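The task is simple: from the sequences and hints, build the whole structure.
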Amino acid sequence: MKARTCWNAVCTVEDLVPESGIAVWTEDGPVAVFYLPHRLPALFAISHTDPFSGANVLARGITGDLKGEPIVASPLYKQHFNLNTGVCLEDDSVRVKTYAVLLDGNRILLETAHKQREAVAA
Amino acid sequence: MSKKTLIVIGNGMVGHHFLEQFVASPGAAEYDILVFGEEKQLAYDRVHLSEYFTGSTHADLAMGTADWYSAQGVELRLDESVTTLNRDRKRVTTPKGEYGYDELVLATGSFPFVPPIEGREHPHCFVYRTLDDLDAIRASAREGKSGVVVGGGLLGLEAANALTNLGLQAHVVEFAPRLMPVQLDTDGGALLRHKIEELGVQVHTEKATTAIVEGENARLRMNFSDDSHLETDLIVFSAGIRPQDALARSSDLEIGERGGVVVNDQCTTSDPHIHAIGECALWDQRIFGLVAPGYTMARTLSAVLNRDRDAAFTGADMSTKLKLLGVDVGSIGDAHGQTPGARNIRFNDEQAGHYRRMVISEDGKTLLGAILVGDNSHYDTLLQYALNGIALPTNPETLILPEGQGGAPALGPDALPETASICSCHNVTKGDICNVIDAGCGDLASVKAETKASTGCGGCTALLKNVVDSELEKRGVEVNTDLCEHFPYSRQDLFHLVKVNGIRTFRTLISQHGRGQGCDICKPAVGSILATCWNEHILATDHVPLQDTNDTFMANMQKNGTYSIVPRIPGGEITPDKLIVLGEVAKQYNLYTKITGGQRVDLFGATLSELPEIWEQLIAAGFETGHAYGKSLRTVKSCVGNTWCRYGVQDSVGMAIHLENRYKGLRAPHKVKMAVSGCTRECAEAQSKDFGVIATENGWNLFVCGNGGMRPRHGDLFATDLSDEALIRTIDRVVMFYVRTADRLQRTSVWMENLEGGLDYLKQVVLEDSLGICAELEEHMNNIAGTYQCEWKTAVEDPEKRKRFREFVNLPQQIDPVQEWTTERGQRRPVSESA
Ligand SMILES: Cc1cc2nc3c(=O)[nH]c(=O)nc-3n(C[C@H](O)[C@H](O)[C@H](O)COP(=O)(O)OP(=O)(O)OC[C@H]3O[C@@H](n4cnc5c(N)ncnc54)[C@H](O)[C@@H]3O)c2cc1C
Ligand code: SF4
Chain A
37 MKARTCWNAV CTVEDLVPES GIAVWTEDGP VAVFYLPHRL PALFAISHTD
87 PFSGANVLAR GITGDLKGEP IVASPLYKQH FNLNTGVCLE DDSVRVKTYA
137 VLLDGNRILL ETAHKQREAV AA
Chain B
14 MSKKTLIVIG NGMVGHHFLE QFVASPGAAE YDILVFGEEK QLAYDRVHLS
64 EYFTGSTHAD LAMGTADWYS AQGVELRLDE SVTTLNRDRK RVTTPKGEYG
114 YDELVLATGS FPFVPPIEGR EHPHCFVYRT LDDLDAIRAS AREGKSGVVV
164 GGGLLGLEAA NALTNLGLQA HVVEFAPRLM PVQLDTDGGA LLRHKIEELG
214 VQVHTEKATT AIVEGENARL RMNFSDDSHL ETDLIVFSAG IRPQDALARS
264 SDLEIGERGG VVVNDQCTTS DPHIHAIGEC ALWDQRIFGL VAPGYTMART
314 LSAVLNRDRD AAFTGADMST KLKLLGVDVG SIGDAHGQTP GARNIRFNDE
364 QAGHYRRMVI SEDGKTLLGA ILVGDNSHYD TLLQYALNGI ALPTNPETLI
414 LPEGQGGAPA LGPDALPETA SICSCHNVTK GDICNVIDAG CGDLASVKAE
464 TKASTGCGGC TALLKNVVDS ELEKRGVEVN TDLCEHFPYS RQDLFHLVKV
514 NGIRTFRTLI SQHGRGQGCD ICKPAVGSIL ATCWNEHILA TDHVPLQDTN
564 DTFMANMQKN GTYSIVPRIP GGEITPDKLI VLGEVAKQYN LYTKITGGQR
614 VDLFGATLSE LPEIWEQLIA AGFETGHAYG KSLRTVKSCV GNTWCRYGVQ
664 DSVGMAIHLE NRYKGLRAPH KVKMAVSGCT RECAEAQSKD FGVIATENGW
714 NLFVCGNGGM RPRHGDLFAT DLSDEALIRT IDRVVMFYVR TADRLQRTSV
764 WMENLEGGLD YLKQVVLEDS LGICAELEEH MNNIAGTYQC EWKTAVEDPE
814 KRKRFREFVN LPQQIDPVQE WTTERGQRRP VSESA
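First to last, the protein sequences are chains A and B. Note that our numbering has the first sequence beginning at 37, numbered continuously upward. Note that our numbering has the second sequence beginning at 14, numbered continuously upward.
These aren't lab readings, by the way, just hints derived from the structure by calculation. Computed from a prediction, not measured in an experiment: that's the story for all the values here. There's no promise every hint is true.
Below, a list of computed lysine-lysine pairs in the DSS-like style, where the Cα atoms sit at most 30 Å apart [claimed, not checked]:
(1) B:607 to B:572
(2) B:814 to A:114
(3) B:572 to A:114
(4) A:133 to B:572
(5) B:607 to A:114
(6) B:816 to A:114
Here it is as structure tokens:
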């Protein structure tokens, strides 16, 4: 069974920085949204948390491509993460969470796991 | 058939090399191999021992690993020295047991000779041979101010350099009338002395020490036979080595008159089952105190044990090339011209500090030896002439004249015969290199891995690279200097493309001259080039995505994702009021505060969104950005100079502030540091900076391309007694030439070391304008200084730029949740992971 998800508006086009990333706060924690205008699709979203340091910094890394795949380099220890899959190029056992992201008019929508409010508390 | 036992005594460089050779040979199958080492550590690279003081660890220097030994089935017993040898019963004993052998190899090396001077057992007297020795010296130096090396030979000078690196005032005491008496002649020794003294090491020649007693102002006092004396906190003896032949002596093997285990051409001693290699072996009345001959002996012995009847050690070349305290010294073959009929050609430029001497045969056809001081650029060529007996040109003096004054160009790799020895440590010839290239090695690294060339003493690194490059080129292989997969150009090429074509954005550059979208290698490199060329704000929309996070947010990211802030404090001079502002801001934002090595204040722990607020306050108080985040000028450190100091001869603070204001903001391939000292006492440590200025009675002396940190390098003296204007002009030119020609992330020290032609070439370009570009370099620097803007001022005033500093764009008030803090010594710091 597919987990239930929902789409949330997290920011607007004006908030994005071309060829770079910004961070948004979601129910699922901090998420980095990247805008690479020379690619199609141009929007990518991955967890903002750098798995190697635990710091919320990935949106502040340098973006680009390696062997054609879109990447961001962690600003702390410089590992590269594939923006499509979240896999770390230097150590493929490490992977950051990826999110589906959409442009809806002027709004950027992000798909996160739907957190069911616990109806009954023990 | 049961296996025989081979015992190797000594796990040093040569013993290890022997094992590497022997276990790979068929003969190894006949033996169980047992190795004893007196030292606690596995064999390490003693040649590079001094690097232990500049950051290398035993692991870095180790020649093999315990795993390698066990994988080869070799039993390694470290920290277990052999105390007796019984030849009749073919057994050796150690404090831990007794072991039988069929064949025995002595690879016990040598030990430092300590002259029998009264008081030499004092606990602050040392030798310089093992890692343990260096640990002891380091511990002693911690509390000391000065150190003396007894012995002005090759090792002694290296030890003096090490003492300088440990922060001691170093002295060298030599019995002979000159330094390096074995390798150098009177003129060469005198020049070396002059250069070394210029670097602050004090040299005392013709001094015989009679006693070491308690000192008055330092720990020790050395009394000399001429009734003079010297006080010092520690002493390192480096008065020569003696072969470690104790086991051979006590078991009545044949020993040389002055020590050393006598061996024949097969490296076998007077007992046919006992062999000796390395520095303990005496061959043809000679001990070889270098690693290359030891390696040759090791290879010979391995072949002998494989019953190769032709294997023979036939002597070795003792030529040496080194950099002592940053001064080039080379000595080749018969350096003193002792061959009958030998003739000399000397070139002595006292102005430039270069001395070269060639010793040629009576018929003038071959080179017998040479001495070089101050500049080793002729070494490789001369060595090749001497080793390979290449016929000298008709005017042999052209080989040592400076280029442009009739000097011949260096002997290119093409001119070398196939048999030319490139790496003497591992006995690799040019032919061997061609063979592995033909067998598929396509770059320097794989040639090194395959042949081991240049992995011994490292003296042949440059020559090897030339040979490999030239052979690859001949085979049509392009030598790859590409920046990354997006640009088939070096940084220097890109600089030209940007400049010549007036390119102002990364996008234009990559679409016209590259491929793909770029990456974290090329983007910051191009960002820095664009900044140098056009000096636009680094947060201009097109430039933002090019910058490292530190450049983008104009602060230094720390391990928990927060930033540190370093306002500029030119020359380290600050008013009490400004100091109070720093304190108040730090208090308000709860920032951890620390004084940096560059005489400024570092404020740690600011979140992204706090940065612009903090800077608003700092700017209002008159601060500017310190560029601590950028590949650009950091600080100009200064001493207090003649405004206060009774020794000062110039206003070092004033000059430092002037320099800092001129070069602030300049983008460079890497960070740039400067310092100004008010007199030769050098309290600002200017010689360890990229640009070091030291005041003289008549003006300023300029040192360039120094470095501190992990790979310390003394700056080279570039020009003397400059006026204020001449100083600025000279720095302008050097700094811009560096910015234009250096590779990505290349500090000036490494740039200088790789600059073809080195210091002399740089002097020609900058002081004599040999390329005719000085006017352009100055104009470029003037432009940059003229368009300077404080990046933080521009950023806080522009709402668009400030938007970048929101931690989460959708929730401005959200605080980064993972930042956990603790308090230590009264200040806040991140909780470390292990805690
Ligand atoms: C600071 C320094 C710089 C140098 N620079 C250069 C250079 O630039 N170029 C160059 O060519 N050479 C240089 N050398 C010399 C070079 O290091 C030696 O030539 C080389 O190490 C000799 O190797 P070896 O195996 O014969 O001796 P070692 O490397 O000294 O090894 C001998 C080993 O045997 C051990 N041993 C001795 N007796 C016993 C016993 N009874 N039982 C068990 N073990 C024993 C010793 O503890 C030692 O570990 C330098 C040396 C020093 C100290
Ligand atoms: S370098 Fe000279 S002028 Fe500067 S503080 Fe030291 S002694 Fe004084």
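For each hint given before, does the structure comply? Return the numbers of the non-compliant ones in rising order. Hint check: nothing fails, all pass.
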